[in-house]
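Next come the chains, spelled out residue by residue.
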Amino acid sequence: MENSAILSINNISIMFGGLKALDNVTLETKKGEVLCIIGPNGAGKTTLFNCITGFLRPSAGSIVYRGAVELTGKKPHEIAAHGIYRSFQNLALFANVSVSDNVMIGGINRKEFSYGITDMLLRTPRFRSREAALRHEASDLLGFVGLAGKKDRTAGELAYGERKLLELARGLITRPQLLLLDEPAAGLNPTEKIELVRAIGRIREQAINVIIIEHDMRFVSDIANWIVVLDYGKKLAEGLPDDIKNNQAVIEAYLGTR
Amino acid sequence: MTYILPFAWTVAIAVPIMGFSRAVMAGTFMLAGIIVYTAFTGRTRRLQVYGLLRSRLESSFVVRHAWILVLAVSVIAPLLLNSYSLDVFTSVLFYAMLALGLNLLVGDLGLLNLGYIAFYGIGAYTDAILSAKFGIGFWPSLMLGGAAAAVFSLVIALPTLRLKGDYLAIATLGFGEIVRIVLNNWDSLTNGPNGIMNIPRPSLPWTQFASGISFFYLSLCILILQAYVLVRIKKSRFGRYAVAIRENEQASAMVGINTYAVKTIYFMLSAFFGGIAGVLFASKQMFVSPDSFTFIESVYVLAMVILGGMGNIAGVMVGAFTLVVLPELLRSFVIYRMLIFALLLITMMLFRPEGLLGKRT
Ligand SMILES: Nc1ncnc2c1ncn2[C@@H]1O[C@H](COP(=O)(O)OP(=O)(O)O)[C@@H](O)[C@H]1O
Ligand SMILES: [Mg+2]
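Those protein sequence lines, which keep their order, are chains V and L.
Per numbering that gives the first Met the number 0, residue 0 is the first one in the first sequence, and the count goes up by one each step.
Per numbering that gives the first Met the number 0, residue 0 is the first one in the second sequence, and the count goes up by one each step.
One chain only, chain L, in its complex shape (with noise of 0.2 Å):
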């Protein structure tokens, strides 16, 4: 039963959609993932065995070093890629970046943000105006991106983080929806639907970023260094009190956390990298449009948070791996990308609510 009814089920949606062989495909894969997701919880007797396997690795000196071997191959692998893979994996670092940021919220203080794409856009067309029209550098660009999807965060963080999460999700929907419609219409600051083009690369004295692999390299340090910060305040009392609002308000604010700055200053964090990550973007692009930050790009983050395992900061980074190279090995099932997501969404939620790498507080 395990097996049959999520492959029926699969096969039975896809079909109108995709046609039968390609639906059966669709199935196909369907079950292969819930095979390893079952296989690696351990969930049935049979496979039980794998359970124990994991906890064995878990704890094994491989699997906690294996943070090096990731960077190793992060530092080799662009090397030996065409020019295609590599802005695959450049996107890679760009959705993990955004998606360390979103799960600073999700994962940690359990709010939803439904609109967080905006900062990313926010970010971009930061970048876009200044170094495009004004000719400011990259480097201020850079900060001043994340500054300002920090202080645009205000606009939403001020009145609704006082409320309950469900208005936040709301409002946020709401804001991600009219940053689009503004970067969409304001024409003579964005040029509207145009875009903007010729948003120069970086620099350093000593070298341009002009190439594809330079920039790979220049967002791997941004990314580095996000995920550096994200671990130290992990494991330092500010990330505790995240934790603990996330889990019981007013027990939080009994023992003496000011519930309303610890989410408002977490609100603006988690906006500050998303505009980092747009800079990035933007300036990797060399040209930017309202297209790339709709609101199906929103769900698509907050799925790789989910899916590598809320508040936990490497499964984050592995669920954005999976959700940018998956549909790239998947080619033919790429305009089917949101339904497979969905589906393996409600798979997770089924199998493995924890998501692949399970939840770390």
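For reference, chain V alone in the conformation it holds in the complex (with noise of 0.2 Å):
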């Protein structure tokens, strides 16, 4: 069991002055899985992406990747370069950057477009093709999120489920092992629900593992492999989606404070 665990979170806590926004949460999830957090507002889902992606640091507990990583302590651009992604609950893209070097910029870590700055200067065979490669892979995923034709516009332009799209775009060309992604579906109109749906079966096709902080309790249903329920910091309930969805602390905390 131990070696399938792709994270595997051991009793962390943090605290907000006197509030303990995460206290002792464990929890795991294993190759291939989707698994979905879910939990009133404020009952730390967020903070706990942040704990993970090294945006902010757990005062007790440790967080363990792949069985053999620990990442607590690591800077997010370190944590980034181990194939961990993550999408922001308010969006955080390249507002006046063209929608293709959005993209673009999420391309640092493949070593197959890298180059040094000898090939920068001399624009070198290396430099052309490596940056053509990169611009190419980048138009195909805005074409497999559906915004091939908004290449050239600035991400500033875009309309909000657009730019929802774009970030998951941005991450996928990371070639993300784990893929975070906080309230994806919020803002969405049932059309971009649907693509964002059917995007993210095609990712965990790609064998990426997926957590995915969401309040939609159907869109969750739909997706979730396993569902982790969060209150006041602490771990409440834990679960197939049936055995939540008929939890009767969890109706309590969360379906009925809704």
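Accuracy of the hints is not assured; some may be wrong.
[Unchecked claim] Short derived list, chain V residues pointing at chain L, Cβ under 7 Å:
1) T71
2) P75
3) A80
4) A91
5) F93
6) N108
Treat the hints as calculated values from the structure; they're not laboratory data.
Beta carbons: idealized from backbone N, C-alpha and C, even for Gly.
Two chains, two frames, some hints: make the complex.
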């Protein structure tokens, strides 16, 4: 069992002033799984993502990636280099940069797109072919998420739903092994949600692990293999979607407060 | 209203300082500026046709190849100029180098540096000390001046680049002042307020850069080299990382950009170019003193970056040209230079915040 865990979070806690935003949380996600984290507003879901991706450091506990790599104490860009990509709840795009450049920037850790200073200064064949390959892949991924026609716009010019798709495309070019999505469906219209579910399905086929924070119960039961419920920084319950839907404590704490 | 308000405003501010007739002149100048800008931005409906014209112009073959013309003029013009004008144009080159160097921070990374002139000073004094006191030639000094500025930039970059931008602005402001004060007081090394004289001009085995014109061409070559390097950076993955950091630092870190490293390297590179310009400046003047590196000079360079269009390499050079040549054309205004710049910048912010040639990302 131990070695099939992609991410193991062991007893992590973090305090903000007097507030225990995460209180001794333990959870695990296995290879090929789509894990959903649900819970009322302020439950600590985003804080959990911030701990995993190095934006916050938990005061106690450990976060172990692939059974071997300790993530706590690492910087965000180091964690990204391990193949972990995360989307932000309130979008984090490069607004005044073209849609295609937004995706290309995500290619930083792909060896096949990399070149050195000399290549850059002299425009060597390596520079040209790798830039071209990067541009090409960015354009493929924009096609995949349905933004092919908007390559040359700036990200700031896109509609809300399109921006979420762009953030996903930028994530895919990093070739993530673990994708953390913070409320990806929030603010999407029904058609865009269907598009998103489809995209996530295809991502899973590529053996990418996905952890999703989500409010929409229907959306969650469509895609999740496993659900963890957080409430006031504590893990309230976990289980299969059907079990969670019928769990009395969850209904009271979470569904009841909606 | 678009025209009357800034006119009245300018005159009102200027009257107590310049007297009435000059204030009206300043106001008229401002008005002319505004009319030109509104024409180019096509803000007012009446003048929209110019806006249309402008977008046509921008995509036209002629405009896209304007740099060839600019280059040709910069090569030929010095042959026709008197030595005074040649000096002005040589200082355009120095300021263009500075503005391009500062633009790496302000335009690309979105970080404010209010003490940039310190690196110019460090470069200039490195050349002065090494070549006037120790007889080290110009060429090693050129590299060492750039390197010294880059190394000194770490003093400020390492502790502040992890912090938010505002701290950097304040720290660089302090750094600029400290450098000037040290130059002013370290008598044994810098000769204090008297400065260092007899700095030799550069030479190559087959030629001496003794004349103003040969020095102009030397500086032009170095500026072209610098602009080339900057264009290449801008069009590479490294340039994209810098802009990404400006746009969203968290997201940059999250996709895997080592934001601290990129910022530090940009800071050093920016200082390096400042240092190189400083070496050229010292060697052109054959004399340096701390007076050349005051806070107002930093503001002046910053104004060039903003005027030309932050992040736009061609624009920044146009900004340098404008702010060096304009005061020369308006000799009678020279003492009010800062006032006019302030007004010009305010007007720019109001009417064309993206700079003369516009922002480039
Ligand atoms: N950086 C921070 N500083 C102080 N308090 C924070 C910070 N981040 C989150 N919190 C608090 O921690 C709690 C959990 O927040 P969050 O993780 O964003 O909840 P959610 O489950 O809605 O994503 C909230 O009460 C929030 O106000
Ligand atoms: Mg949240």
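### Query
Looking back at the numbered hints, which does the structure fail to meet, lowest number first?
1
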